[in-house]
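Novice: Read off the chains here:
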Amino acid sequence: MRAEHAGTKRDGRWLGLYVLAYLVFLYLPVLLIPLFSFNDSIQAAFPLQGFTLQWYATLYGNPALSGALANSLAIGVVAASGATLCGITVSYMDLYGRSPLAVTISAIARLPILIPGVIVGISLLILVNLIGLGPSRIAIVLGHILVALPTTVVIMRSRFAAIPRTVREAALDLGASDWTTFRRVMLPLSLPAVLSAFMLAFLISFDEFIVVFFLAGTEPTLPLYIWSQLRFPRSLPTVMALGTVILAVSFIIAGTAEILRHRGLGAARRNPA
Amino acid sequence: MSTLVATEVPESRSLSGFRLAMLLPGAMVTFLLILFALGLVLFLAFRGNDGSLLGVGLTVENFTTVATDPLYWTVTLRSLVIAGLVTLATVVTAYPVAYYLAFHAGRRRGLLLFLVTLPFWTSYLLRVFAWKIVLAYNGVLNSALIESGIWSEPTLAFLNTPAAVVVTLAHAYAPFAILPIYVALDTIPKSLLEAASDLGARPFTAFRRVVLPNSMPGVLAAALVVFVPTVGDYVTPAMVGGPASTMIGTLIQSQFGKANDWPFGAALSVCVMLVILLVVLVARGADRRFGSRT
Numbered sequence: 000m001r002a003e004h005a006g007t008k009r010d011g012r013w014l015g016l017y018v019l020a021y022l023v024f025l026y027l028p029v030l031l032i033p034l035f036s037f038n039d040s041i042q043a044a045f046p047l048q049g050f051t052l053q054w055y056a057t058l059y060g061n062p063a064l065s066g067a068l069a070n071s072l073a074i075g076v077v078a079a080s081g082a083t084l085c086g087i088t089v090s091y092m093d094l095y096g097r098s099p100l101a102v103t104i105s106a107i108a109r110l111p112i113l114i115p116g117v118i119v120g121i122s123l124l125i126l127v128n129l130i131g132l133g134p135s136r137i138a139i140v141l142g143h144i145l146v147a148l149p150t151t152v153v154i155m156r157s158r159f160a161a162i163p164r165t166v167r168e169a170a171l172d173l174g175a176s177d178w179t180t181f182r183r184v185m186l187p188l189s190l191p192a193v194l195s196a197f198m199l200a201f202l203i204s205f206d207e208f209i210v211v212f213f214l215a216g217t218e219p220t221l222p223l224y225i226w227s228q229l230r231f232p233r234s235l236p237t238v239m240a241l242g243t244v245i246l247a248v249s250f251i252i253a254g255t256a257e258i259l260r261h262r263g264l265g266a267a268r269r270n271p272a
Numbered sequence: 000m001s002t003l004v005a006t007e008v009p010e011s012r013s014l015s016g017f018r019l020a021m022l023l024p025g026a027m028v029t030f031l032l033i034l035f036a037l038g039l040v041l042f043l044a045f046r047g048n049d050g051s052l053l054g055v056g057l058t059v060e061n062f063t064t065v066a067t068d069p070l071y072w073t074v075t076l077r078s079l080v081i082a083g084l085v086t087l088a089t090v091v092t093a094y095p096v097a098y099y100l101a102f103h104a105g106r107r108r109g110l111l112l113f114l115v116t117l118p119f120w121t122s123y124l125l126r127v128f129a130w131k132i133v134l135a136y137n138g139v140l141n142s143a144l145i146e147s148g149i150w151s152e153p154t155l156a157f158l159n160t161p162a163a164v165v166v167t168l169a170h171a172y173a174p175f176a177i178l179p180i181y182v183a184l185d186t187i188p189k190s191l192l193e194a195a196s197d198l199g200a201r202p203f204t205a206f207r208r209v210v211l212p213n214s215m216p217g218v219l220a221a222a223l224v225v226f227v228p229t230v231g232d233y234v235t236p237a238m239v240g241g242p243a244s245t246m247i248g249t250l251i252q253s254q255f256g257k258a259n260d261w262p263f264g265a266a267l268s269v270c271v272m273l274v275i276l277l278v279v280l281v282a283r284g285a286d287r288r289f290g291s292r293t
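Same order as they appear, the protein sequences are chains Z and V.
Residues in the first sequence are numbered from 0 upward in steps of one, following numbering that gives the first Met the number 0.
Residues in the second sequence are numbered from 0 upward in steps of one, following numbering that gives the first Met the number 0.
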């Protein structure tokens, strides 16, 4: 592997300890949630009381919770599809459209990263009220497309840029139309990026709270449901049980994505330069 | 939208249909959702509040209120200080991690990168909630201190303080800071470091004169990515900050809720965007000074 030019081995050891401490700082608060979700007490405090699964039992058959979950899943899929579609087309036209309009669109599409969530939320709230839609699931989908857009554009843009330009030129020279070139050549070549853009956009939508707070009508998403429960001390253990499930599922999805990514890189890794 | 597309010179007959289809989704989202929605906020900021959706008249009264009422100065200043402290704390604590990843991690690099980014995949709301559990009066920190005999009484000093907001936000945004700095450090050619050591530079001198300046684009990117969402945040101040750490995001949110003064909330938002614009311009200038990309 890489020689340690930047510092001595001793520096590396101290830094290693620091990184370890940093990881403890990152994970310790988060891991308290599963810990207390099995604790037989309303209070999240030491010493731990008995082991219990009752908080998990309260999750089951809770119509408000399952409604919020279904809402989050549906909104996540639609918003991620929209954001991915925009990410694909915007970055493709940015790179190959040869028009100032396409470049401008691409620049504006990456803008929401420089707008705090609260402002994205209120500007869309004004907009959906103006067009008569009002707070609704469609409004949330629009909001989540905006929030996820910079991510999908950046992912798709770097993937399209990594495909040699000659591939596209060869297809066009061989008589393929723009449509065929895009659909049969460029899109299949960037499929892993499409999938990862979709997954990221879905997770962003699934977790998003600050924007959705303004745009939700009568049907809350999962983060809104959690937020509403946080006000009641009695429901905190249930929130922790729910949080544990969410953490576990997120960790499994992220871990699976990481393993798949490594498999893809496996061949290159086995023959390091 | 079609008029915009029609100005493009089509290369062939099939191209215009393709172009239209490919430009349409992005154009709709960017022009309608982003530019039009932001334009509405700007418009509303200059309107008077009469309870209607788009307000009434044309006035700068909202802005004079923001400028003259000390409450808004206090809250704006506090937001900037808290967001600044969060950014500083996050970037300073993240830098050594990114440095280790770039120069010392060796074969563990992939695993470590995964571990530091994993919290990003979990719920932001839950991470803030976790800190509330830690800092509360009858929470983990207090009960642990009492159990271990270090403390005899639980203290109120942890929760509902600006410090709690800084720690919580620094924790929530840590993965955002590590990645850009790591990417910047990783692109520094190792030959530069060899050259520095061949020319007699001690490790610290090499770090200060070679590594740090070359990683500044990453540091600035990290600072922006942390600063922008934190300056408008209202979740963390509400959950762990208490009344003494009300931030500008909370004020904006309450104008659109309880206070029901949308034009004034819009004016506050415009002020926040101006501050962010200023910060972006300063960061751009600093970026240019370090001689990186244009």
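Just so you know, these hints were derived from the structure itself, not from any lab.
A virtual CB, placed ideally from N, CA and C, is assigned to each residue, including glycine.
Among the clues, some could well be false.
What the hints assert, rightly or not - A few chain Z positions that, by computed beta-carbon distances, are all more than 12 Å from chain V: (1) 39; (2) 59; (3) 65; (4) 106; (5) 116; (6) 165; (7) 222.
To be verified - Have a look at the derived ranges for each label pair, beta carbon to beta carbon: (8) V:16 x Z:172: 38 to 48 Å; (9) V:38 x Z:173: 41 to 51 Å; (10) V:62 x Z:46: 49 to 59 Å; (11) V:87 x Z:172: 48 to 58 Å.
What the hints assert, rightly or not - For the chain Z half of the interface with chain V, some residues (derived, Cβ under 8 Å), not all of them: (12) 10; (13) 41; (14) 43; (15) 49; (16) 50; (17) 84; (18) 85; (19) 107; (20) 110; (21) 141; (22) 145.
Novice: Does each hint fit the structure? Answer for all of them.
Specialist: Hint check:
For residue 39 of chain Z, the requirement that its beta carbon stay farther than 12 Å from each beta carbon of chain V is met, with the minimum near 15 Å. The beta carbon of residue 59 of chain Z sits about 20 Å from the closest Cβ of chain V, which is more than 12 Å, so the claim that it is off the interface holds. No beta-carbon of chain V comes within 12 Å of the beta-carbon of residue 65 of chain Z; the shortest separation is about 18 Å. Interface exclusion of residue 106 of chain Z from chain V breaks down, the closest Cβ pair being 9 Å apart, not more than 12 Å.
Listed as outside the interface, residue 116 of chain Z is inconsistent with that label: its C-beta sits roughly 6 Å from the nearest C-beta of chain V, within the 12 Å cut-off. Consistency note on residue 165 of chain Z: stated as away from chain V, and its beta-carbon is indeed over 12 Å from all of that chain's, at 19 Å minimum. In this structure residue 222 of chain Z is not separated from chain V by more than 12 Å, as the shortest Cβ-Cβ distance comes to only about 5 Å. The supplied range of 38 to 48 Å is broken by residue 16 of chain V and residue 172 of chain Z, whose beta-carbon atoms lie about 21 Å from each other.
The given range of 41 to 51 Å is respected by residue 38 of chain V and residue 173 of chain Z, whose C-beta atoms sit roughly 45 Å from each other. In this structure, residue 62 of chain V and residue 46 of chain Z meet the distance hint of 49 to 59 Å, their C-beta atoms being roughly 55 Å apart. Between residue 87 of chain V and residue 172 of chain Z the beta carbon distance is about 54 Å. The supplied range of 48 to 58 Å therefore holds. A distance limit of 8 Å between C-beta atoms decides the matter here; for residue 10 of chain Z the minimum to chain V is near 7 Å, and the interface restraint holds.
Annotation: residue 41 of chain Z was flagged as interfacial toward chain V, and the flag is violated, the nearest CB pair being 10 Å apart, outside 8 Å. For residue 43 of chain Z, the interface hint holds, the least distance from its beta-carbon to any beta-carbon of chain V being 4 Å, beneath 8 Å. Because the smallest distance between the Cβ of residue 49 of chain Z and any Cβ of chain V comes to about 16 Å, over 8 Å, the interface hint for this residue is violated. For residue 50 of chain Z, the interface hint is violated, the least distance from its beta-carbon to any beta-carbon of chain V being 18 Å, above 8 Å.
Interface restraint check for residue 84 of chain Z: the shortest CB-CB distance to chain V comes to about 6 Å, inside 8 Å, so the restraint holds. Taken as an interface hint, residue 85 of chain Z checks out: its beta carbon lies about 5 Å from the nearest beta carbon of chain V, inside 8 Å. Using the Cβ-Cβ criterion of 8 Å, the hint placing residue 107 of chain Z at the interface with chain V is satisfied: the shortest such distance is roughly 4 Å. A hinted interface residue such as residue 110 of chain Z counts as satisfied when its beta carbon comes closer than 8 Å to some beta carbon of chain V; here the least separation is about 6 Å, so the hint holds.
A least Cβ separation of about 6 Å between residue 141 of chain Z and chain V falls short of the 8 Å threshold, and the interface hint therefore holds. Taking 8 Å as the C-beta cut-off, the interface hint given for residue 145 of chain Z holds, the closest approach to chain V being about 6 Å.
The structure fails hints 4, 5, 7, 8, 13, 15, 16 (numbered hints given earlier, in ascending order).
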